[in-house]
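**Student:** Given next are the chains, with one letter for each unit.
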Amino acid sequence: MTTRGHRVIMLADMQSFYAAVEKAAHPEYAQRPVLVAGDPARRSGVILAACPLAKAHGVKTAERLGEALKKCPEAVVIKPRMQTYIDISLTISDILQSFTDLVEPYSIDEQFLDITHSMHLFGNADTIAQQIQTKIMLNTGIYARIGISENKVLAKLACDNFAKKNDSGIFHLFKHSLPNTLWLLPVENMFGIGGRMKRHMQRMGIFTIGQLAQTPLKKLTDKWGVNGQVLWQIANGIDDSPVSPQTFEGQKAIGHQMTLPRDYHTLEDIHVILLELSEEVCRRARHKQVIGQTISVGLRGANFDIPSGFYRQMTLSHPTNFASELYDAACKLFEKHWDGLPVRALSVGLSQLSSQDEYQLDLFRDDKKERALSDVMDAIKEKYGTAAIVRAASLTAAGQAKDRSKKIGGHYS
Amino acid sequence: MSKKLEKNGLWESSRMMLPQHREAFVVSRQAQNKRDKPCLHDDEFELIVRCIKESYYTQKTIDVQWVHEQQYEYTTGNVSKIDEHSQRIKLQKEEDMTWIPFDSIVSVKNSS
Numbered sequence: 225m226t227t228r229g230h231r232v233i234m235l236a237d238m239q240s241f242y243a244a245v246e247k248a249a250h251p252e253y254a255q256r257p258v259l260v261a262g263d264p265a266r267r268s269g270v271i272l273a274a275c276p277l278a279k280a281h282g283v284k285t286a287e288r289l290g291e292a293l294k295k296c297p298e299a300v301v302i303k304p305r306m307q308t309y310i311d312i313s314l315t316i317s318d319i320l321q322s323f324t325d326l327v328e329p330y331s332i333d334e335q336f337l338d339i340t341h342s343m344h345l346f347g348n349a350d351t352i353a354q355q356i357q358t359k360i361m362l363n364t365g366i367y368a369r370i371g372i373s374e375n376k377v378l379a380k381l382a383c384d385n386f387a388k389k390n391d392s393g394i395f396h397l398f399k400h401s402l403p404n405t406l407w408l409l410p411v412e413n414m415f416g417i418g419g420r421m422k423r424h425m426q427r428m429g430i431f432t433i434g435q436l437a438q439t440p441l442k443k444l445t446d447k448w449g450v451n452g453q454v455l456w457q458i459a460n461g462i463d464d465s466p467v468s469p470q471t472f473e474g475q476k477a478i479g480h481q482m483t484l485p486r487d488y489h490t491l492e493d494i495h496v497i498l499l500e501l502s503e504e505v506c507r508r509a510r511h512k513q514v515i516g517q518t519i520s521v522g523l524r525g526a527n528f529d530i531p532s533g534f535y536r537q538m539t540l541s542h543p544t545n546f547a548s549e550l551y552d553a554a555c556k557l558f559e560k561h562w563d564g565l566p567v568r569a570l571s572v573g574l575s576q577l578s579s580q581d582e583y584q585l586d587l588f589r590d591d592k593k594e595r596a597l598s599d600v601m602d603a604i605k606e607k608y609g610t611a612a613i614v615r616a617a618s619l620t621a622a623g624q625a626k627d628r629s630k631k632i633g634g635h636y637s
Numbered sequence: 044m045s046k047k048l049e050k051n052g053l054w055e056s057s058r059m060m061l062p063q064h065r066e067a068f069v070v071s072r073q074a075q076n077k078r079d080k081p082c083l084h085d086d087e088f089e090l091i092v093r094c095i096k097e098s099y100y101t102q103k104t105i106d107v108q109w110v111h112e113q114q115y116e117y118t119t120g121n122v123s124k125i126d127e128h129s130q131r132i133k134l135q136k137e138e139d140m141t142w143i144p145f146d147s148i149v150s151v152k153n154s155s
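Residue numbers (my numbering), protein chains in the order written: chain A, 225 to 637; chain B, 44 to 155.
So that you can see chain A by itself, here it is in the shape it has in the complex:
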């Protein structure tokens, strides 16, 4: 990558992605407001995406389906199809890769691309942005908004604050024009600043992004350490991170998270979930032929008004990808840190991964049986689906394995 000389970076964002995919799949709903929402009977029944027609009625993403329908009773409600969204996101990656090989997805509906060395082939940045918009629209029926600048931070800010709001859906943000564009905006318009941070900032007298940019760096690092510096750099549009498609190779951690259908109160019920999560994490680790030595457990409390929870890690005596070992460690960690209050969501992760081909044999333990059992379970799940064989504990009322096997990212696939 050339470090000096300007790069030209874009962030392409798909408008109301899930809803747009559904509208393209159902032309009969073209003129009707469309909502994509999880299972209405469950807590996951929140709005995942709303098309612009629905948003015009005041519907917001992440609000409850019931509230959305009060505002917009004529809306068509569609269940999410996660696998389809992933496939279409990859189709869009392919389209972007026809302009440059440097394409890096940031989320399912946002992708960075570096077109510095493509402009002699396809024309200037704005021309390329228009071509991208047209190609994506023709191929998928989705409207893409594109922020253009010299680095990823500015491209993202250009997209969020300007391209999403203007008529062309394209905005080129130049660094020298920050003082009379970006810096005039309220500080909460900057990504990385949530509700709590906004209040902290305002208490410090920082109301605009420009004020944040001009705050002495030390004042911010004293208060928030590295995070303070990150926010300061974003406000100043400083970012030399590359657009790196290979960023996804060589995974550093495997983790699973589950939002529970109801609040779990007893250790007994929670153990079932920890076992299921451990099982899933280990299955993926075995599939990738890795073992991990650090385990993490996360918890989110049930009370929305008082956010509670923890995220803790622990190093195991030896690396593993056996569910029983991960589960034992997860339970220990959980019991140590749980305050006894109802639980809404749980996560289990495995990191510090290394190849499973090389590991230290244990003098006192024979893992042949465990290995054989895991292999057989993996083979059965591979062939007949993840719900084909589950631990008996998963058949209790607390178990989620059967239901979860039909889902991706907590939503129906």
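In short, the hints are calculated from the structure, not lab data.
Glycine is no exception: its CB is placed at the ideal position from the N, C-alpha and C atoms.
Each hint can be trusted.
Calculated cross-link-like contacts (lysine to aspartate or glutamate; reagent style DMTMM-like; alpha-carbon spacing at most 20 Å):
| hint | chain 1 | residue 1 | chain 2 | residue 2 |
| --- | --- | --- | --- | --- |
| 1 | B | K50 | A | D464 |
| 2 | A | K476 | B | E55 |
| 3 | B | K77 | B | E112 |
| 4 | B | K77 | A | E473 |
| 5 | B | K96 | B | D146 |
| 6 | B | K47 | A | E473 |
| 7 | A | K631 | B | E66 |
Derived, one-sided and incomplete: chain A residues facing chain B with beta-carbon distance under 8 Å:
| hint | residue |
| --- | --- |
| 8 | Q453 |
| 9 | S468 |
| 10 | P469 |
Given chain A's structure and the hints, the job is docking chain B onto it.
**Tutor:** Relative to the frame of chain A, chain B by itself:
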């Protein structure tokens, strides 16, 4: 935490991506990098044969480009064995040696 300020750290730490999406992206990228072996012109084939023979008889070091599991591989060394029965050559470089099947070779050059 400090990794946030290095390389791609800012984006790694804030990325929201489903594991299934992440994996599918890696798989599709790998598929794009897949290479089939090109058809060789007879002249090129003859050149390859000559280089291999020369290396075998004179211990000259050569660079071999070949296809392995649909990826290009580059191996340097001198030909220490020609195994006609299994249709492969043994390329030796000091302690290391590699067996390369005849029909996977794309090009051979004298090592500079």
